[in-house]
Amino acid sequence: MSVAELKERHEAATAAVDSLRERLRQKRQMLLDNDLVGYSRTQGRAAISFSSTDLVCCRTLQGHTGKVYSLDWSPERNRIVSASQDGRLIVWNALTSQKTHAIKLPCAWVMTCAFSPNGQSVASGGLDSGCSIFNLNFQIDRDGNIPVARFLSGHKGYVSSCQYVPDDETHLVTGSGDQTCILWDVTTGQRLSVFGGEFPSGHTADVLSISINGSNSKMFVSGSCDSTARLWDARIASRAVHTFHGHKGDVNTVKFFPDGQRFGTGSDDGACRLFDVRTGHQLQVYQQQQQQGDNSADSPIVTSIAFSISGRLLFAAYSNGNCYVWDTLVGKVVLNLGAVQNSHEGRISCLGLSADGSALCTGSWDRTLKIWAFGGHRRVM
Amino acid sequence: MGCLCSKQKPVRTSDAEENAKAAEIEKRIAQEATAEKHIQKVLLLGAGESGKSTIFKQIRLLFQTGFDEAELRSYIPVIHANVFQTIKILYDGAKEFAQNETDSLKYVVSLENKETLSRGNLIQVPDCAQYFMKSLRRVSDANYVPTKEDVLYARIRTTGVAEIQFRRASFLFQPRGREQEERGVYKLFDAGGQRNERRKWIHLFEGYDQALFEDETKNRMMETKALFDWVLKQPCFEKTSFMLFLNKFDIFEEKALKVPLSVCEWFKDYQPVSSGKQEVEHAYEFVKKKFEELYFQSSGPERVDRVFKIYRTTALDQKLIKKTIKLVDETLRRRNLLEAGLL
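Read top to bottom, the protein sequences are chains G and S. To convert, note that position 237 of the first sequence is 236 in numbering that gives the first Met the number 0; the numbers rise steadily by one, no gaps. To convert, note that position 283 of the second sequence is 282 in numbering that gives the first Met the number 0; the numbers rise steadily by one, no gaps.
Treat the hints as calculated values from the structure; they're not laboratory data. Where a beta carbon is used, it is the ideal one built from N, C-alpha and C, also for glycine. Please note that the accuracy of each hint is not assured.
The list that follows gives simulated cross-link-like pairs (lysine-lysine, BS3-like), each with its CA atoms no further than 25 angstroms apart [to be verified]:
| hint | chain 1 | residue 1 | chain 2 | residue 2 |
| --- | --- | --- | --- | --- |
| 1 | S | 232 | S | 288 |
| 2 | S | 36 | G | 103 |
| 3 | S | 186 | G | 103 |
| 4 | S | 325 | S | 238 |
| 5 | G | 103 | S | 325 |
| 6 | S | 238 | S | 318 |
| 7 | G | 6 | S | 94 |
| 8 | S | 36 | G | 247 |
| 9 | S | 199 | G | 247 |
| 10 | G | 103 | S | 40 |
| 11 | S | 147 | S | 318 |
| 12 | S | 287 | S | 257 |
| 13 | S | 133 | S | 232 |
| 14 | S | 289 | S | 186 |
| 15 | G | 103 | S | 199 |
| 16 | G | 103 | S | 26 |
| 17 | S | 288 | G | 155 |
| 18 | S | 224 | S | 147 |
To list a few chain S residues with every Cβ distance to chain G over 12 angstroms, as calculated [what the hints assert, rightly or not]:
| hint | residue |
| --- | --- |
| 19 | 18 |
| 20 | 30 |
| 21 | 63 |
| 22 | 69 |
| 23 | 79 |
| 24 | 129 |
| 25 | 160 |
| 26 | 268 |
| 27 | 269 |
| 28 | 275 |
| 29 | 278 |
| 30 | 296 |
| 31 | 308 |
| 32 | 310 |
| 33 | 326 |
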């Protein structure tokens, strides 16, 4: 068969796939008779009252000499690890805001960091196309650095995101610019499963973010530059369980809802979406209406999201320094952390909720991290 | 049998320990930050095969200790792989050419038959092909040790981020006759090996100067034009200086006389005026002007403080590279003095 004929057949096949996809989308649209907000309205739900005294910045963590790109809370003991453009990982004591460890990374371009379930190790990944594991109990060497305990190599592109499997010290999932996700055995450095890549149902562009289901650690979701989020079963690497369409730009961040039945996504198109795992439907879009009315290139993109412990609140950070707190049921913004006193002076690149849900930490391009605590009569939401 | 007891550490002591540790960490961070301040950081960008890795090798030869015998030997598998790659490409190319011609013997690949190689611009023959094919017997010898030049030509794709640091002694004429020998420290980074969405990690390099490499010969011109345009518009590079290296000038010289410049879409409106060396100069000036136009088009009025310079290079020519780096050094220093308000 000649090259020209192959090309023709390829084009015909692509057209067939596109038209099938369109039919699927229309069918879904027909079945989608309501969204979360519509339903809540019929139930008579009102927005919760939330004022700027309910969430207060109680700590500012300073010390990074470059933009903060990523942060993660330890599962207990209230510590935070943060990664920055200056090529360092810093581990902070969140209660006293003191630094307990500062690790100068062998490759300065780090994009993600994560705490291990027992809080003894941290992992980081970036442009070196691999994930470095550091044991915090190791002796520091003459320069004051902790040596790399293990380096997970195998990705063919930058590592954009990494997370330990909950309650499992030995397994880690990474998402990468080479369009795949990998499940690793940390003790041996082996790749246990590769999700995507050669297999047809993988992402078709860089994977930017992953999130493991807290209630069922065999499932995880990944978000990518191909505008989709994909749900994976860690036991079946050959095909994604489901692909979620809807966004019109890179999906920068994905996060499972606390009960593990849904997950949220944030994208370059400025919107956050809530998807249901069982039906594969989109439940809700959270998007601020454009004030100016034109879709200029300056519309803010969503950089990072997190859910409160009950799921009632969705925290979303944007590239213009805003950090909206959405009421997920009613679909309204109840607070903008970017506009309160003491807020960040630059883009907020990452945020995360502590394990007990009582505090939110945000990391920004202004080189600091801020811890926000629920104040007043609210302890946890 | 025994008794084990431990004294509860008084809370104050453990606090003091934490404080001391934290202070130690902060001191170290401050020290490292000042140490890094005087390092000039440059990011090399450019299409694949435009010559970035060759610059790295040149720098090793010029400013560092060069390559020792073990390292030279380590390039043998790379060079052999390059030869095999070339042969395979020539073989596939010959098959394709022969398909459309009746005299299929014309394209048989052998040491003497250069017919396929001469059509090199239609198939993707790597630039090192000519060089290694000429020295096939030498390269395949059992006791072969690659020369420095061989190493410069050896081609291997960069993965991850490559970095190299070097110092250059230079004299800078300061006002009031205070001539000082200053050791400029440079750190070059090449992230070209990433084959993915550059926009998702390019912001990591904000604050670095940019050196854009352009291979003048391949059809990658359009790719580089797009890259250049895109990089200029990035908000994180508003204050960044740009140096454009029009590389592989030696190959450009050869090709400019054989293939008209107007073959490339961007240079559609090119008119040759003369021939020989003058023509090459004219063609080069034309390309240079096109890039300058693109630069000014893509830079808004608020970016006038940026420095933009174009250099003509041949990455394989050591003397030329040394001279170019000297020029670059002077430009950057002048820029730094200007910023510091001293000039």
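Exercise. Would the pair residue 36 of chain S and residue 103 of chain G pass a check requiring their Cα atoms to be no farther apart than 25 angstroms?
Worked result: Holds, at roughly 16 angstroms.
Exercise. Against chain G, does residue 69 of chain S keep a CB gap of more than 12 angstroms to every residue?
Worked result: Check passes; 23 angstroms lies beyond 12 angstroms.
Exercise. Residue 199 of chain S and residue 247 of chain G: Cα distance at most 25 angstroms?
Worked result: Roughly 16 angstroms separates the two Cα atoms, so the pair holds.
For this session: Say whether it holds or is violated: residue 275 of chain S keeps its Cβ farther than 12 angstroms from all Cβ of chain G.
Result: Label holds. Min Cβ-Cβ 40 angstroms, cutoff 12 angstroms.
For this session: Would you check whether the claim that residue 310 of chain S is not at the interface survives, using Cβ distances to chain G and the 12 angstroms cut-off?
Result: The assertion about residue 310 of chain S holds, with a minimum of 26 angstroms to chain G.
Problem set entry | Agreement of residue 6 of chain G and residue 94 of chain S with the hint, judged by alpha carbon distance not exceeding 25 angstroms | Roughly 20 angstroms separates the two Cα atoms, so the pair holds.
Problem set entry | 12 angstroms Cβ clearance of residue 79 of chain S from chain G | For residue 79 of chain S, whose nearest Cβ neighbour in chain G is about 24 angstroms away, the distance exceeds 12 angstroms, so it holds.
Exercise. Can the restraint linking residue 289 of chain S and residue 186 of chain S be considered satisfied, given a maximum Cα separation of 25 angstroms?
Worked result: 30 angstroms, violated
Problem set entry | Interface-negative label, residue 278 of chain S against chain G, beta-carbon threshold 12 angstroms | With a cut-off of 12 angstroms, residue 278 of chain S remains clear of chain G, as the shortest Cβ separation is near 37 angstroms.
For this session: With a cut-off of 25 angstroms on the C-alpha distance, tell me whether residue 103 of chain G and residue 26 of chain S pass.
Result: Since the Cα atoms of residue 103 of chain G and residue 26 of chain S sit roughly 14 angstroms apart, the hinted pair holds (cutoff 25 angstroms).
Problem set entry | Proposed proximity, residue 199 of chain S with residue 103 of chain G (alpha carbon, max 25 angstroms) | It holds: about 23 angstroms lies between the C-alpha atoms, which stays within 25 angstroms.
Problem set entry | Restraint status (C-alpha distance of residue 103 of chain G to residue 325 of chain S at most 25 angstroms) | With a Cα-Cα distance of about 32 angstroms, the restraint between residue 103 of chain G and residue 325 of chain S is violated, given a limit of 25 angstroms.
Violated hints, listed in ascending order, are 5, 6, 8, 13, 14, 17, 18, 19, 20 and 25; each of the other numbered hints is respected by the structure.
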